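*Asks:* Mind docking chain G on chain Z? Use the hints.
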Amino acid sequence: MKQKLTASRVVFLVIAVLILLAIAAVCLMPIWHVIMVSVSNPTAVTSHKGLVLWRLRNFDFQAYKIIFQYKSLWNGYLNTLFYIVLSCVITGFLTVIAGFVFSRRRFRYRNAFMLIISFTMLFNGGMIPTYMVIRKLGMIDTIWAMVLPGALNVFNIILMRTSMQGIADALEEAARLDGANEFVTMFKVILPLCKATFAVIILFTVVGKWNDFMSALLYLPTKTQLYPLQMEIRTILFQSTKQISSSADAASMNVYSRNIQYAVIVVSTLPILMVYPFVQKYFVTGMTVGAVKA
Amino acid sequence: MVKTPSKPPKHSGYIEHGGFKGYLHNQALDIKRNPVIYLFLLVILAYFAIFNYAPMVGLLMAFEKYSPAKGLFGSKWVGLDNFKAFFGSPYFGRTIRNTVGIGVLDLLINFPAPIIFALLLNEIHNKFFKKTVQTISYMPYFISAVVACGLVVTFIEAGGPISQFVADITGGEPVNLMNDKKNFWGIYVTMNLWQGLGYGSIIYLSALSSVDQELYEAAYVDGAGRWKQCIHVTIPGIMPMVLMMLILRMGAIFAVGADKILLLYSPANYEYSDVINTYTYRIGILDSNYGLSAAVGLFNSIVGTTMLVITNKITKKLSGSSLF
Numbered sequence: 542m543k544q545k546l547t548a549s550r551v552v553f554l555v556i557a558v559l560i561l562l563a564i565a566a567v568c569l570m571p572i573w574h575v576i577m578v579s580v581s582n583p584t585a586v587t588s589h590k591g592l593v594l595w596r597l598r599n600f601d602f603q604a605y606k607i608i609f610q611y612k613s614l615w616n617g618y619l620n621t622l623f624y625i626v627l628s629c630v631i632t633g634f635l636t637v638i639a640g641f642v643f644s645r646r647r648f649r650y651r652n653a654f655m656l657i658i659s660f661t662m663l664f665n666g667g668m669i670p671t672y673m674v675i676r677k678l679g680m681i682d683t684i685w686a687m688v689l690p691g692a693l694n695v696f697n698i699i700l701m702r703t704s705m706q707g708i709a710d711a712l713e714e715a716a717r718l719d720g721a722n723e724f725v726t727m728f729k730v731i732l733p734l735c736k737a738t739f740a741v742i743i744l745f746t747v748v749g750k751w752n753d754f755m756s757a758l759l760y761l762p763t764k765t766q767l768y769p770l771q772m773e774i775r776t777i778l779f780q781s782t783k784q785i786s787s788s789a790d791a792a793s794m795n796v797y798s799r800n801i802q803y804a805v806i807v808v809s810t811l812p813i814l815m816v817y818p819f820v821q822k823y824f825v826t827g828m829t830v831g832a833v834k835a
Numbered sequence: 005m006v007k008t009p010s011k012p013p014k015h016s017g018y019i020e021h022g023g024f025k026g027y028l029h030n031q032a033l034d035i036k037r038n039p040v041i042y043l044f045l046l047v048i049l050a051y052f053a054i055f056n057y058a059p060m061v062g063l064l065m066a067f068e069k070y071s072p073a074k075g076l077f078g079s080k081w082v083g084l085d086n087f088k089a090f091f092g093s094p095y096f097g098r099t100i101r102n103t104v105g106i107g108v109l110d111l112l113i114n115f116p117a118p119i120i121f122a123l124l125l126n127e128i129h130n131k132f133f134k135k136t137v138q139t140i141s142y143m144p145y146f147i148s149a150v151v152a153c154g155l156v157v158t159f160i161e162a163g164g165p166i167s168q169f170v171a172d173i174t175g176g177e178p179v180n181l182m183n184d185k186k187n188f189w190g191i192y193v194t195m196n197l198w199q200g201l202g203y204g205s206i207i208y209l210s211a212l213s214s215v216d217q218e219l220y221e222a223a224y225v226d227g228a229g230r231w232k233q234c235i236h237v238t239i240p241g242i243m244p245m246v247l248m249m250l251i252l253r254m255g256a257i258f259a260v261g262a263d264k265i266l267l268l269y270s271p272a273n274y275e276y277s278d279v280i281n282t283y284t285y286r287i288g289i290l291d292s293n294y295g296l297s298a299a300v301g302l303f304n305s306i307v308g309t310t311m312l313v314i315t316n317k318i319t320k321k322l323s324g325s326s327l328f
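Chains Z and G supply the protein sequences, listed in that same order. Per the numbering used here, the first sequence runs over residues 542 to 835. Per the numbering used here, the second sequence runs over residues 5 to 328.
Keep in mind the hints are simulated off the structure, nothing from the lab. The structure presented is a predicted model; accordingly, all values stated were derived computationally and were not measured. Hints may contain errors.
Stated by the list, open to error - With the C-beta cut set under 8 Å, the calculated list includes, among others, these residues of chain Z facing chain G:
no., residue
1, A557
2, F641
3, P670
4, N752
Every residue gets a Cβ at the ideal spot worked out from N, C-alpha and C, and that includes glycine.
Looking at chain Z on its own, in the form it has when it is part of the complex (with noise of 0.2 Å):
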C-alpha cells in the first residue's frame, strides 16, 4: 500500500536527504582533501588554508617518487601483508577446530569448556601482565608476538560454533559412514558448509591486522625492520619525514613535508578503499549475525 505524501512529508524527506548528503560529503571530504594535497604544488600547500578541493598551483608528484625510493615504508607493507597471511591461516584454523570441538554434540563438555574459555571476554590480564607472559615465552621481537596474541577469540569461536551447530548430524554421519576421518569431516564436509562466517572472521582478522600497530609498539622495542605499515606510517605522520631523507635530499624533503605524509596515506589507504566495497556485504553479515549471536 502506497502511503499519502503529505507537505509536512516532503519538507521532511527534503532535509531528510539534506542531512544524509552532508554527512556523505563529511565522510567523502577529507579522502579528497588528501589526495589533492598529495598531488599539489608544495609550496602553495605551505601558504593554503583551509580545504583543498582541486591540486593547488599544478600537478607535482614529486611526493610520490620519494615516497617510491623509500624502503622501509615498503618493508612494512610487506611485513604486513605477511602478518596478515600468517594471522589468516593460524585464526582460521584454530577457530574452525574451536568451532568443530564446540558444536559437537557428543561432546559432553563442550558448554562447561564453553564457558571457561567465554570468561575471557568479561576479564583479562591486561597490558602488562599479557607483556610479561610474551616476554616470558621469548616472543619479543619476533614475528610470532605479531600473530600470536589474540589470535584465537572468543567472539569468532561464537560465530564459528553458531554457523556448526547449524549444520545436521546427518551429514557428519553419512561422510563417517563413507570413511572419513574427522579431519576430512570438519575441512571437507562441515567448513564448506560455513563459508560465509569463514569469510567474516578472516575479514575481520585482515583489518585488525592491517590496523595493528600496538602489537609493534608493545611487542617490537628493537627489531624495526620487523615493522607492519601502521608503525611506518606513525612514523611519517608524527614523527618526521626526516626519516626518508637518505633517499632523497634533505632541502626537498622539507618542502614536500606535507606531500610526502599525503602521499604515504594515499598509498596505504587507497587499495583498502577500493577493495571494501565489494566485500561490503560480509561485513554486514557479520556484524548482525555477531550482535545476534554474542
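*Replies:* Relative to chain Z, chain G alone:
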C-alpha cells in the same frame, strides 16, 4: 559437570550409574572414541591458558614489587602498596576523570548518532541514494587508526581544514585547536563519530529491515502519520537491539582504548588526554614500573567488569533482555 541434553551415545560400552569408577571408565572410552575432538580441545585450552589465563595469574604482580629477573614468585610481596601509591598519586584523579569523561561523552554522542542516522536512512526509499550514502558512510571505518589520527592532527593545526572552518564560523584567526587542551575530549569523540557513524548504523539498519511491514500499514489505516509510525512501530521494533548495544557500550565506558589516544596526545595536553590505559602503557612499558602498572590495569579491569555486570542486571530487570 554439564550433562548433555542430547540423546545417549549410540555405541555401547558406557556404564550407567557406575559411580566414580564408572565415570572414569566412560571418560576413557569417550576419549578413545573421539581422539581428535580431545586433541583439538587440548590445543584450544593450551592457547587460552597461555595467552589469556597466564596473564590473569600474572596479575599477582600488582601486589608485588615486581622485577622480571626475580619472576612472579620470587619478587617481593608488597600487598596493596601499588594500589595505595596509585590512589594517592595526582595521576589517580586525572586519569579517572579523563577516562570517565571521554567514555561518557563518547557514549552520549556516539551511541545515539548511528541510531538516528539509521532512522533517517530508513525513511529514504530510493534504493540507489540509500545504498550510495551507506557505502560512503562506512568508508571512514576502513581508515586505520594511525591514518585517522594523522588526519585529525593535520586538520586541526592552524590553517588546516577544520581549524580554518572553526575560524570562519567564529570569525577569528585559525589556530591549532589542540592548543586549548580542554578540546581534547571533543576532538577525540568527534573523530570516533566520523569513523563509526556509518559502520555503527549497520546493525540498526538490519534490525529496521526486519520490522514487519504490515505493522506500518495497520498503523496507517488506524490514522497514524509517519511520525506516529516511527514512534509506535519503528522504535519499538529496534528497541531490543538498541538496549543490547547500550549494555555493551555502558560496560565499555572504562575501556577507553589506548591506541588512538597514544597517537593523538602529547605531554602538553596530558591533563585532559591521559586515560587509565595510556597511563598503564607509560608507566609499564616506558618506565618499566610493572607492579604499579599491573595494579592500575587490574583496577581498571575490575571497574570495567563490574560496570558490565551491573548494566546487564539493570537492563534485565527493566526489559527482560540481557547478554548473559
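*Asks:* Now look at each hint and say whether the structure bears it out.
*Replies:* Evaluation of the provided hints:
1. A557: holds, 5 Å
2. F641: holds, 7 Å
3. P670: Given a least distance of 3 Å, the restraint on P670 of chain Z holds.
4. N752: Holds, about 4 Å.
Of the numbered hints given earlier, the model fails none.
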